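If you read the sequences in order, they're chains A and B.
Residues in the first sequence are numbered consecutively from 21, following the working numbering.
Residues in the second sequence are numbered consecutively from 3, following the working numbering.
Honestly, the hints are just simulated from the structure, not real lab data.
All figures in this text were calculated on a predicted structure; none of them were measured in a lab.
Don't take each hint at face value.
Said to hold, decoys possible - Dumping the calculated DSSO-like pairs for lysine-lysine here, alpha-carbon to alpha-carbon at most 27 Å: (1) K204(B) / K240(B); (2) K306(B) / K368(B); (3) K113(B) / K282(A); (4) K39(A) / K291(B); (5) K39(A) / K368(B); (6) K39(A) / K113(B).
The chain contents come next:
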Amino acid sequence: MSVLVDETTRLCVAGVTGKEGAFHTLNNRRYGTNVVGGVTPGKGGQDVEGIPVFDTWEQAAKECEPNTAMIFVPPRFAADAILEAAAAGVELVVAITEGIPAHDELRVYNTLRRDHRGTRLVGPNCPGILSPGKANVGIIPASFFEQGNVGVVSRSGTLTYQIGNEIAQAGFGCSSIVGIGGDPVPGSSFVDILELFEGDAQTELVVLSGEIGGSAEEEAAEYIDASMSKPVIAYIAGFTAPAGKQMGHAGAIVSGSAGTAKAKAQALEAHGVRVGRTPTEVARLAVEALSGASSSAS
Amino acid sequence: MDLLEYQGKQLFAKHGLSVSAGSAVTSVEDAVAAANEIGYPVVVKAQVLIGGRGKAGGVKLADDEAQAREHAQSILGLDIRGHIVRTLWIEHASDIASEYYASVLLDRQAKQPLVIFSVEGGVEIEEVAASHPEKLIRRHVDSLAGLSRREAIEIATEGGADEDVIEGVADALVALYEVWSEEDATLAEINPLIVTPAREVKALDAKVSLDGNALYRHPENQGLSDSANEDPIERRAKEEGVQYVALEGDIGILGNGAGLVMSTLDVVAQAGGRPANFLDAGGGSDAAKIKQAVELILANESVKAVLFNIFGGITRCDEVAKGLIAAFSDLDTQGIPFVVRLDGTNDVQGRELLAQAKLPGVHPAKTMNEAAEMVVALAAGKPVGAPA
Numbered sequence: 021m022s023v024l025v026d027e028t029t030r031l032c033v034a035g036v037t038g039k040e041g042a043f044h045t046l047n048n049r050r051y052g053t054n055v056v057g058g059v060t061p062g063k064g065g066q067d068v069e070g071i072p073v074f075d076t077w078e079q080a081a082k083e084c085e086p087n088t089a090m091i092f093v094p095p096r097f098a099a100d101a102i103l104e105a106a107a108a109g110v111e112l113v114v115a116i117t118e119g120i121p122a123h124d125e126l127r128v129y130n131t132l133r134r135d136h137r138g139t140r141l142v143g144p145n146c147p148g149i150l151s152p153g154k155a156n157v158g159i160i161p162a163s164f165f166e167q168g169n170v171g172v173v174s175r176s177g178t179l180t181y182q183i184g185n186e187i188a189q190a191g192f193g194c195s196s197i198v199g200i201g202g203d204p205v206p207g208s209s210f211v212d213i214l215e216l217f218e219g220d221a222q223t224e225l226v227v228l229s230g231e232i233g234g235s236a237e238e239e240a241a242e243y244i245d246a247s248m249s250k251p252v253i254a255y256i257a258g259f260t261a262p263a264g265k266q267m268g269h270a271g272a273i274v275s276g277s278a279g280t281a282k283a284k285a286q287a288l289e290a291h292g293v294r295v296g297r298t299p300t301e302v303a304r305l306a307v308e309a310l311s312g313a314s315s316s317a318s
Numbered sequence: 003m004d005l006l007e008y009q010g011k012q013l014f015a016k017h018g019l020s021v022s023a024g025s026a027v028t029s030v031e032d033a034v035a036a037a038n039e040i041g042y043p044v045v046v047k048a049q050v051l052i053g054g055r056g057k058a059g060g061v062k063l064a065d066d067e068a069q070a071r072e073h074a075q076s077i078l079g080l081d082i083r084g085h086i087v088r089t090l091w092i093e094h095a096s097d098i099a100s101e102y103y104a105s106v107l108l109d110r111q112a113k114q115p116l117v118i119f120s121v122e123g124g125v126e127i128e129e130v131a132a133s134h135p136e137k138l139i140r141r142h143v144d145s146l147a148g149l150s151r152r153e154a155i156e157i158a159t160e161g162g163a164d165e166d167v168i169e170g171v172a173d174a175l176v177a178l179y180e181v182w183s184e185e186d187a188t189l190a191e192i193n194p195l196i197v198t199p200a201r202e203v204k205a206l207d208a209k210v211s212l213d214g215n216a217l218y219r220h221p222e223n224q225g226l227s228d229s230a231n232e233d234p235i236e237r238r239a240k241e242e243g244v245q246y247v248a249l250e251g252d253i254g255i256l257g258n259g260a261g262l263v264m265s266t267l268d269v270v271a272q273a274g275g276r277p278a279n280f281l282d283a284g285g286g287s288d289a290a291k292i293k294q295a296v297e298l299i300l301a302n303e304s305v306k307a308v309l310f311n312i313f314g315g316i317t318r319c320d321e322v323a324k325g326l327i328a329a330f331s332d333l334d335t336q337g338i339p340f341v342v343r344l345d346g347t348n349d350v351q352g353r354e355l356l357a358q359a360k361l362p363g364v365h366p367a368k369t370m371n372e373a374a375e376m377v378v379a380l381a382a383g384k385p386v387g388a389p390a
């Protein structure tokens with residue numbers, strides 16, 4: 021098993037006819053993901069290397085029955101694309117688009133909760149989801165990851181590659197890698213994804229990669245303590261970030277003491293989660309925990 | 003994007019919140035002329051993006067022209083914890099019967115807007131939260147419905163506003179919510195929200211943060227912000243569309259992806275170094291963008307060594323190498339050493355390009371940790387051994 025994306029994924033892509041959208045959609049298909057269609061208003065009837073393009077999500081839903089949407093449209097169109105995919109009944113929407121206004125994210129999050137409870141949003145401003153050997157939805161460079169038993173959930177893209185690569189070099193693989201994105205109002209939180217990993221038979225350990233800003237890591241710490249049987253190793257980026265400065269991710273704003281890397285690491289440790297101080301240390305702790313788990317199991 | 007007080011007040015007025023008439027000026031002469039026109043007494047207020055202006059001598063009352071001149075002279079150019087005062091806001095002094103507090107912000111945990119109201123205004127609201135939490139009313143609003151007048155009246159009543167101004171406070175809350183929602187603000191705060199002896203409810207200060215991602219919807223707000231007090235390299239980076247934050251140290255940092263760059267700053271600090279900047283070259287950077295980034299990093303004269311930490315996903319390591327080679331051929335790198343760690347997409351090609359180019363002072367590193375240690379040594383003027 022794995023979480024969110026696998027062999028049963030039927031992917032339809034908003035923005036499939038754009039340069040970036042086409043490039044990554046085809047990359048995903050090359051990896052083995054079942055790409056069933058794309059949506060670009062005004063370009064219905066065309067195709068992108070054999071992928072049929074539809075004008076609306078309603079048509080796409082009828083014609084190719086996608087269960088997963090990937091959003092690759094520019095920020096100003098992204099909120100409506102997400103809501104249209106949800107209204108068409110798509111269960112999982114993965115929004116890659118970066119730079120969506122916070123108020124749009126708020127509208128999307130609350131509209132999904134009110135009107136489309138059957139749809140899960142991952143992102144926006146995220147690298148997507150990869151289940152090695154099964155499916156890749158997004159921009160995660162799949163070649164660095166092997167199939168295995170580590171679940172990874174992260175607010176940052178490249179940092180995930182860094183940690184995943186170190187785990188792979190130590191000889192371990194991943195069940196799924198889920199990027200939840202660095203924006204202020206993400207569709208899915210750490211807790212949402214941790215719940216999935218807890219219930220996934222393939223996943224034996226979870227690596228959580230957080231960063232400054234917000235309180236998602238603190239909430240994750242409480243959830244792990246109260247509800248998780250599987251070990252979690254955490255990493256927090258941004259110990260040296262100055263207060264009040266924005267470090268690229270809109271979510272990563274530190275104001276005052278709350279939301280600092282130190283406060284987050286302390287919250288996690290207080291709830292029994294081991295926190296690595298560098299990506300290398302995180303990989304080492306994960307490998308240690310896994311080796312311990314497999315030797316005690318044998 | 004944080005706004006200066008007077009810019010926030012202009013947005014307040016646009017949405018029907020009562021503020022004092024005033025004038026933003028940048029010279030003593032203009033300050034005096036504005037004060038004369040407004041009529042005494044006036045308040046002369048430093049316009050800087052930092053709290054504690056009053057304590058720092060940045061807010062003063064003037065009863066006549068001589069005082070207005072004196073205060074404008076003393077406040078213009080004042081350094082308030084690193085923020086130089088270049089603009090003054092002159093407004094008619096208000097008579098105050100009570101000082102309240104009101105704000106609307108995005109509550110990231112609840113994923114809803116939060117309205118906060120208190121009758122204990124005019125002081126740090128964190129202090130009220132700590133000492134008299136019962137005097138702080140917090141109310142989440144359904145962002146899809148907005149704040150209704152009925153809810154606003156409930157908030158004002160529950161918060162203990164004087165009975166005769168409950169309607170006025172409610173109007174102010176609704177207007178403040180409108181500023182927050184229609185201007186794409188992440189924070190709209192009034193402290194203090196005053197009640198005058200004539201029972202008028204008025205915003206005496208304004209703290210507004212706008213969402214930079216939504217500025218395309220508000221072309222009229224694009225010129226706002228305290229650009230004069232911005233770090234010059236940060237301003238240049240913003241114009242060029244590069245994510246750059248100036249820091250205090252001497253090691254220039256370039257990476258791809260905000261999380262990886264933040265992590266790189268941490269690892270350099272752990273190795274005993276002090277980063278000079280945060281620079282996220284972003285996903286899919288080509289050679290031209292990398293060269294531009296090197297220019298920005300080297301524009302900071304404190305930089306003694308530079309670290310490139312790249313884990314290529316969309317970004318291709320060969321493009322990064324080409325950009326660095328172009329930077330070395332077109333720019334004067336002043337003998338500053340570079341440590342370059344390339345991993346990920348096309349890393350082998352990237353490393354090969356660098357090896358062939360034999361750039362002076364460029365040291366390849368195998369891992370992020372090794373790279374951090376090398377750059378810290380180089381910044382301290384120590385030689386590093388040829389990597390195996």
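Subject >> Violations among the numbered hints, reported as their numbers in ascending order >> reply: 1, 5 and 6
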